[in-house]
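As they're listed, the protein sequences go chains A and B.
Per our numbering, the very first residue in the first sequence carries number 1; after that it's consecutive.
Per our numbering, the very first residue in the second sequence carries number 1; after that it's consecutive.
The set of hints was computed from the structure by calculation and includes no laboratory data.
Treat the hints with care, as some may be off.
[Claimed, not checked] Only part of the chain A face toward chain B is listed, based on derived beta-carbon distances under 8 Å:
1. Val-58
2. Phe-60
3. Arg-61
4. Thr-63
5. Val-86
6. Ser-153
7. Ala-165
8. Tyr-194
9. Thr-198
10. Thr-498
[What the hints assert, rightly or not] FRET-style restraints, in silico, Cβ to Cβ:
11. B:Ala-231 with A:Leu-21: 57 to 65 Å
12. A:Glu-15 with B:Pro-257: 38 to 46 Å
13. B:Ala-231 with A:Pro-84: 30 to 38 Å
14. B:Pro-233 with A:Pro-145: 46 to 54 Å
15. A:Leu-195 with B:Ala-189: 50 to 58 Å
16. A:Pro-84 with B:Ala-43: 46 to 54 Å
[What the hints assert, rightly or not] Derived DMTMM-like pairs: lysine to aspartate or glutamate, alpha-carbon spacing no greater than 20 Å straight-line:
17. B:Lys-235 with A:Asp-182
18. B:Lys-78 with A:Glu-298
19. B:Lys-141 with B:Asp-286
20. A:Lys-349 with A:Glu-328
21. B:Lys-132 with B:Asp-294
22. B:Lys-74 with A:Asp-182
23. B:Lys-256 with B:Glu-201
24. A:Lys-82 with B:Asp-294
25. B:Lys-154 with B:Glu-237
26. B:Lys-155 with B:Glu-237
27. B:Lys-230 with B:Glu-284
28. B:Lys-238 with B:Glu-269
29. A:Lys-282 with A:Glu-264
30. B:Lys-53 with B:Asp-261
31. B:Lys-132 with B:Asp-299
32. B:Lys-78 with B:Glu-88
33. A:Lys-156 with A:Glu-18
34. B:Lys-230 with A:Asp-182
35. B:Lys-256 with A:Glu-328
36. B:Lys-254 with B:Asp-75
37. B:Lys-141 with B:Asp-234
38. B:Lys-132 with A:Asp-215
39. B:Lys-78 with A:Asp-182
40. B:Lys-55 with B:Asp-255
Even for Gly, the Cβ is constructed at its ideal location relative to N, Cα and C.
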Amino acid sequence: MSLFLHYLSLPYLLEGIELTLQVTALGLGGGLILGLVLAWMQLSRFWLPAALARGYAVIFRGTPLILQMVFAYDALPHIGIKLPAVLAAGLALACNEAPFIAEMLRAGVLGVDRGQVSAGQALGMTPAVLMRRVIAPQAIRTMIPAFGNESVSALKNSSLASVIAVQELTLRGTQLASSTFDFFSIFFASGLLYLLLTAAVSAIQLGLEWLLDLDRTTRARRLADYLPWRRVDLATKLELSEKAPLAVVQPDVMPPARLLTRAERAKRAATIARNNVAVEVKHLHKNYGAQTVLGGLELTVRIGEVVALLGPSGSGKSTLLRCINHLEDWDRGTVRVGGRRLGFRDDGKRLSPQAVANERASVGVGMVFQQFNLFSHLSAKENVAGPLRWVHGMTRLDADRRACELLDRVGLSHRAHALPRHLSGGQQQRVAIARALAPNPSVLLLDEPTSALDPELVTEVLEVIRRLAIDDGLTMIISTHQIRFADEVADRVAFLSTGSILEEGPAHEVLTHPRHPLTARFLSVMQADKALEAVR
Amino acid sequence: MRKLLSREARQASLPWRSAAAGAMIAAGFLLPGIAQAAPAGCAALQAKYPGWKGKTLVNAVNPHTPGYEAIDPKDPSKYVGFDIDLGEEIGECLGFKLTYKPVTFAALLTTLASGQADIVISDIYATKERAKAADFITYSKVFDGVLVAKGNPKKITGINTSMCGAAAAENTGFVEVPLVQNLMPTCKAEGKPEPTLQLYENNANCIQAILAGRADTYVNDVNTVDQAVKANPDKLEKAIAVTIPYSVGIAVPKDKPEFRDAVMAALVEIQKAGIHMDLLKKWELDVNNFKEPDILSVD
């Protein structure tokens, strides 16, 4: 025991820690930089960098670190690169860590909900802004545990530097054992030193998790919750999820918007007919392999007009909306918004993703998604205010003011600081609408905005949209299954089937007197459903 | 063990150590015959081979053999032993200083070949195979000891048929490895089980293998075996000493014949001055080890 304590406090061994840490730091730091490059190459839209990164990973992940150490130390000098031992060890460790870190980064990035990425693109975020503001903050949170693992493993792997004469902890331990024959005391001592180092890494990991915990602000979580033997018990979890949405008893029920009379409708139609064209879709073709998604679709929407897209699932409604703001590519045809071909230069050439993003922001096409797609790491207010600052360059003060105003308009000012996961589906969709409206879009696209909602939450969302249409005169294209809502809100209805418009016309007329048999059948099925529900 | 280790110790990794301080330590503690100054012929050698004067060279060692090269248990920042002293004497004679790079035994010559070290003085036997990777200046005869558990339960008497069926621990890259391997067909021919080989990274691990009952024997330089027995007198013993047809050599890069000749010439001077013999006595090594230097070089 006394021998063990003697070796535990022996300066010779303690000094070895410094080299161990140097090699580890070089390995992790270099690995992170190289890993970032590799992950970026793998996620690139070009095949060559992706293939190169793949090849690198195969080689460096597939060969033992000890060989890489010896290679960096003994083989590189033959081509004129003679690195000091610590640098050679750091280089080998970095090259070895890089593919592992790259895979972690890639998994983190790909793990971020695709819907949020679409939402960011629709808001006009460039790829860089999207990465920095939406993807990275969420990816980093999910990657911390894996990074903790990787750091501990790198720390232990640094002991392999002993084979290339780096006087780190392990090499010092073995030499000491050879000259003193106190084999076990020395190895227990150096084992404990490693344990202390890895414990420090774990502490840093848990500290970071605590620091970046989004729930920390909503509930006073104690540091003790992060201790390894502590589990968040089921009761606390339930309390967490229930407390938030029910905290305030629904002061957000809004008075219903008034309905238009037949005369008002006619007057409105006449006004719209004189307005300029807001969206013009011409001869739009799109195939997924052999399957036709859009087959020469034509659609013109005038400023102030509300068009409802009806039709069975898979009829191309969502794809059409996604093409209008160029979230998706198509094969043939043109789409013009406000007279501009979104995503193309004047000569018809494709724009880069960054240029498309800037154009989306300047043309102003807002989009509301079926799955809300709120940025889940941001509060309701930040979901609205953030894009205003990052895309439109507003000051924090102005953006916050605008966000508060819009949240108020959708009846959610009292939930401004809640995270999306603490809001009900209906509330989330209303925040999403506020977010889409914030930059004053010229056109708002709504992709089945109530389909993912529980029936009792549908009304509050439809109410918000109805007000936008009737009170604000916003140009909107809505894909929906809500026939009655379409009747009340839309000026015009277009019925889609297998990628083209079968029938379109004034909403009330088409819905009450469909001419095409498919439209009639669809409407009767939808109405039958309603009737059935009423009977129940 | 303690008794063995001289107070005279060399800095392991302090290239800035001044020659004056080194000389002072040497003058203070070495046997009178050795330390007065470098042998008289050295001045002439430095004039003849001026390329290394004032330089600091790297000596790659496998510091797991107390008596030859190991860290000083009292001051682990230093390496001590016969080979270390001999290297310092050669350096003093030719005017260079040495720093040390600890590597595994199997990596000694690789480290030299890659240029990460300039010289290897680490109880390495000069064989024709190894001479393909480096030139050797031989300086010592080889006597091996057979280390076994106390009482020699397997009755092993050397690298012969008594070792059939036994487990032999060896260092990766040691010359004893092929000797044990060559024994395998012999055992088979006599209808006995073959010996098994366990390869380890250093001496300490080989010795631990016997202590843990994993291996039955470990054949290595007799002094190393004696050291192990001294450290564990209740558990280990030396079965026998055997002669092995090799010499211990200093390894230098093949592409530096002038350096090889300079080291050889310095060694001759050191032997002439009696320093070599004094060092053997100082480290309690068998004086029969003494050997006049030869060069082993193959193409």
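Taking the hints in turn, this is what the structure says about them:
1. Val-58: violated, 26 Å
2. Phe-60: At about 21 Å, which exceeds the 8 Å cut-off, the nearest Cβ of chain B leaves the hint on Phe-60 (chain A) violated.
3. Arg-61: Nearest chain B Cβ about 24 Å off; hint violated.
4. Thr-63: Result: violated, 17 Å to nearest chain B Cβ.
5. Val-86: Hint on Val-86 (chain A): violated, closest Cβ of chain B at ~12 Å, above 8 Å.
6. Ser-153: Hint violated; Ser-153 (chain A) Cβ to chain B Cβ min 22 Å, cut 8 Å.
7. Ala-165: With Cβ-Cβ at 4 Å, under 8 Å, it holds.
8. Tyr-194: Result: violated, 18 Å to nearest chain B Cβ.
9. Thr-198: Since the shortest Cβ distance to chain B is 23 Å, the answer is violated.
10. Thr-498: violated, 69 Å
11. B:Ala-231 with A:Leu-21: 57 to 65 Å: violated, 32 Å
12. A:Glu-15 with B:Pro-257: 38 to 46 Å: With a Cβ separation near 39 Å, Glu-15 (chain A) and Pro-257 (chain B) satisfy 38 to 46 Å, so the hint holds.
13. B:Ala-231 with A:Pro-84: 30 to 38 Å: Between Ala-231 (chain B) and Pro-84 (chain A), where Cβ atoms are some 35 Å apart, the hint holds.
14. B:Pro-233 with A:Pro-145: 46 to 54 Å: holds, 52 Å
15. A:Leu-195 with B:Ala-189: 50 to 58 Å: holds, 52 Å
16. A:Pro-84 with B:Ala-43: 46 to 54 Å: Distance hint for Pro-84 (chain A), Ala-43 (chain B) is violated at roughly 34 Å.
17. B:Lys-235 with A:Asp-182: holds, 15 Å
18. B:Lys-78 with A:Glu-298: violated, 86 Å
19. B:Lys-141 with B:Asp-286: Roughly 10 Å between the alpha carbons, so the hint for Lys-141 (chain B) and Asp-286 (chain B) holds.
20. A:Lys-349 with A:Glu-328: Since the Cα atoms of Lys-349 (chain A) and Glu-328 (chain A) sit roughly 16 Å apart, the hinted pair holds (cutoff 20 Å).
21. B:Lys-132 with B:Asp-294: holds, 16 Å
22. B:Lys-74 with A:Asp-182: holds, 13 Å
23. B:Lys-256 with B:Glu-201: violated, 29 Å
24. A:Lys-82 with B:Asp-294: violated, 32 Å
25. B:Lys-154 with B:Glu-237: Judged against 20 Å, a Cα distance of about 12 Å means the pair holds.
26. B:Lys-155 with B:Glu-237: Since the Cα atoms of Lys-155 (chain B) and Glu-237 (chain B) sit roughly 12 Å apart, the hinted pair holds (cutoff 20 Å).
27. B:Lys-230 with B:Glu-284: holds, 13 Å
28. B:Lys-238 with B:Glu-269: violated, 35 Å
29. A:Lys-282 with A:Glu-264: violated, 31 Å
30. B:Lys-53 with B:Asp-261: With Cα atoms ~15 Å apart, Lys-53 (chain B) and Asp-261 (chain B) stay inside 20 Å; holds.
31. B:Lys-132 with B:Asp-299: Distance ~7 Å between Lys-132 (chain B) and Asp-299 (chain B) Cα, so the pair holds.
32. B:Lys-78 with B:Glu-88: Cα-Cα ~13 Å, so holds.
33. A:Lys-156 with A:Glu-18: holds, 14 Å
34. B:Lys-230 with A:Asp-182: Holds, at about 13 Å.
35. B:Lys-256 with A:Glu-328: Given pair Lys-256 (chain B), Glu-328 (chain A) is violated - Cα atoms ~68 Å apart, limit 20 Å.
36. B:Lys-254 with B:Asp-75: violated, 35 Å
37. B:Lys-141 with B:Asp-234: violated, 30 Å
38. B:Lys-132 with A:Asp-215: violated, 67 Å
39. B:Lys-78 with A:Asp-182: holds, 18 Å
40. B:Lys-55 with B:Asp-255: holds, 18 Å
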